[in-house]
Each structure stands twice: as structure tokens, then as C-alpha cells.
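Knowing the structure of chain G, use the given hints to seat chain X on it.
First to last, the sequence lines map onto chains G and X. Under my numbering, the first sequence has 12 at position 12, and the numbering climbs by one with no breaks. Under my numbering, the second sequence has 5 at position 5, and the numbering climbs by one with no breaks.
Source of the hints: derived by calculation from the structure; they are not laboratory data. Just so you know, not all the hints are guaranteed correct.
Said to hold, decoys possible - Residues from chain X that face chain G, not an exhaustive set, calculated with beta carbons under 7 Å:
no. : residue
1   : Tyr39
2   : Lys42
3   : Gly43
4   : Met48
5   : Tyr51
6   : Ser53
7   : Gly54
8   : Ser92
9   : Phe101
10  : Gln103
11  : Gly104
Quick reminder that beta carbons are idealized off the backbone N, C-alpha and C, glycines included.
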Amino acid sequence: GAVVSQHPSWVICKSGTSVKIECRSLDFQATTMFWYRQFPKQSLMLMATSNEGSKATYEQGVEKDKFLINHASLTLSTLTVTSAHPEDSSFYICSARGLTGYNEQFFGPGTRLTVL
Amino acid sequence: QKEVEQDPGPLSVPEGAIVSLNCTYSNSAFQYFMWYRQYSRKGPELLMYTYSSGNKEDGRFTAQVDKSSKYISLFIRDSQPSDSATYLCAMSSRQGQKLVFGQGTRLTINP
Numbered sequence: 001g002a003v004v005s006q007h008p009s010w011v012i013c014k015s016g017t018s019v020k021i022e023c024r025s026l027d028f029q030a031t032t033m034f035w036y037r038q039f040p041k042q043s044l045m046l047m048a049t050s051n052e053g054s055k056a057t058y059e060q061g062v063e064k065d066k067f068l069i070n071h072a073s074l075t076l077s078t079l080t081v082t083s084a085h086p087e088d089s090s091f092y093i094c095s096a097r098g099l100t101g102y103n104e105q106f107f108g109p110g111t112r113l114t115v116l
Numbered sequence: 001q002k003e004v005e006q007d008p009g010p011l012s013v014p015e016g017a018i019v020s021l022n023c024t025y026s027n028s029a030f031q032y033f034m035w036y037r038q039y040s041r042k043g044p045e046l047l048m049y050t051y052s053s054g055n056k057e058d059g060r061f062t063a064q065v066d067k068s069s070k071y072i073s074l075f076i077r078d079s080q081p082s083d084s085a086t087y088l089c090a091m092s093s094r095q096g097q098k099l100v101f102g103q104g105t106r107l108t109i110n111p
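Isolated chain G (complex conformation):
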């Protein structure tokens, strides 16, 4: 149980284009999902918290208009990187909060974005 998927697993795009990443909870409903960014050999950096049916809460320093997050259903959240630039190249990982009450999060496999 508690499986989270991400699509695509990797994407290469040209500078200036937009890229959408999907995060799905496959066997449970997730009212809260999270989006992280991870640079090589570094820990996870929380970008935003996404609650179903409401606007995402962004961490300080994360551009809301750059990283659009939509959590339209209890099993799907999307992250759209708008007008991507090479500095946006990174490993993006989503997670969904579990239901056991221990506040654990279950992570997707991640999406590697390369902007040329």
C-alpha cells in the first residue's frame, strides 16, 4: 500500500517551454501532497504544500508564478514549471501524506528535468 507515482520520470525540454509533472497516489486518497526539489548530493528542499481543492502554500523564495501547482483531486497533484530555464534543471519529487496519523510522507520516484 501507499504507492505514489510520478510521470514523466525524466524530461528534456528547450528553454522557454513549460513542463507539467504529475503526481498520483495509487492506492489511497491524499488530501495533502508536497513538492520537493533535490540537487545532487543534497537533501530535499520543500517547494510547496498542496491541499486538495485549495491553493498551494509555497515556501519562502519559491516563485508561485514559475512553479504552478494544482491539486484537483484526492489522487492527483500537478507541478508545472513555466518558461523553464537551465537553472530549473533538477530532480523534482512529490510526496503524499499517509493516513496512519504518524505524519509520515510517501514519496514518488521523482522526475529528472533537464532544460537545454
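Leaving out everything else, chain X in the frame of chain G:
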């Protein structure tokens, strides 16, 4: 000072050894504690979660929380090469709060 401190390593041990991974924290309000394992270019995988102080065992893994010392540990017994990964501790103060992660410790188990 970071809220959660974790030695990034790298840590290299021979196969079969007992591995001890640790994190210290400064926020006394933390009461939910987790350990994640992350293989290269993969998402983190939840290994253990505990609430408040005490021990929890699951197979070869044991998680310990000492709230009085603000110190948590993960022990791996009979370590295997497949345990080679980065281990991240994470914690939060209450349900609904975002997790605060340690930097991660890179572990290598040598055959």
C-alpha cells in the same frame, strides 16, 4: 544552526557490520520521527516511523528516539550491499506539519 543535523558521511562499512546512523535536533517540540532510504536517482522510501521516545524494531532495522537528548538513531544489523544508499532522518512537531529533513548520510556496504 540547522533544526536537524545529520552527518553527511560518507560512511563505509564491511558487509555484516552493524551500522549506526544518527541525527540531532534543536526543536524540543518534534515528536514524529522518520527514517527514509534513498537510492541514487530515486525517491525516498519510508523505512521507519516512531512517535515520541522509545525504540521500534522492524527486521534488521531498529529506530531509537531519545527526546531528552534530542537524538535519534537508526541501527542496521547484518548490513548488506543492497543497504548502500543515502539515509535521511525527518521529523515534525505535530500532525499536519511539514517534515524537516536532515542532510542525509551516504552509506556504502562493502562486500
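Going through the hints against the structure:
no.: 1; hint: Tyr39; in the structure: violated, 10 Å
no.: 2; hint: Lys42; in the structure: holds, 6 Å
no.: 3; hint: Gly43; in the structure: holds, 4 Å
no.: 4; hint: Met48; in the structure: violated, 9 Å
no.: 5; hint: Tyr51; in the structure: holds, 6 Å
no.: 6; hint: Ser53; in the structure: violated, 14 Å
no.: 7; hint: Gly54; in the structure: violated, 13 Å
no.: 8; hint: Ser92; in the structure: holds, 5 Å
no.: 9; hint: Phe101; in the structure: holds, 5 Å
no.: 10; hint: Gln103; in the structure: holds, 5 Å
no.: 11; hint: Gly104; in the structure: holds, 5 Å
When the structure is compared with the earlier hints, violations turn up for hints 1, 4, 6 and 7 and for no others.
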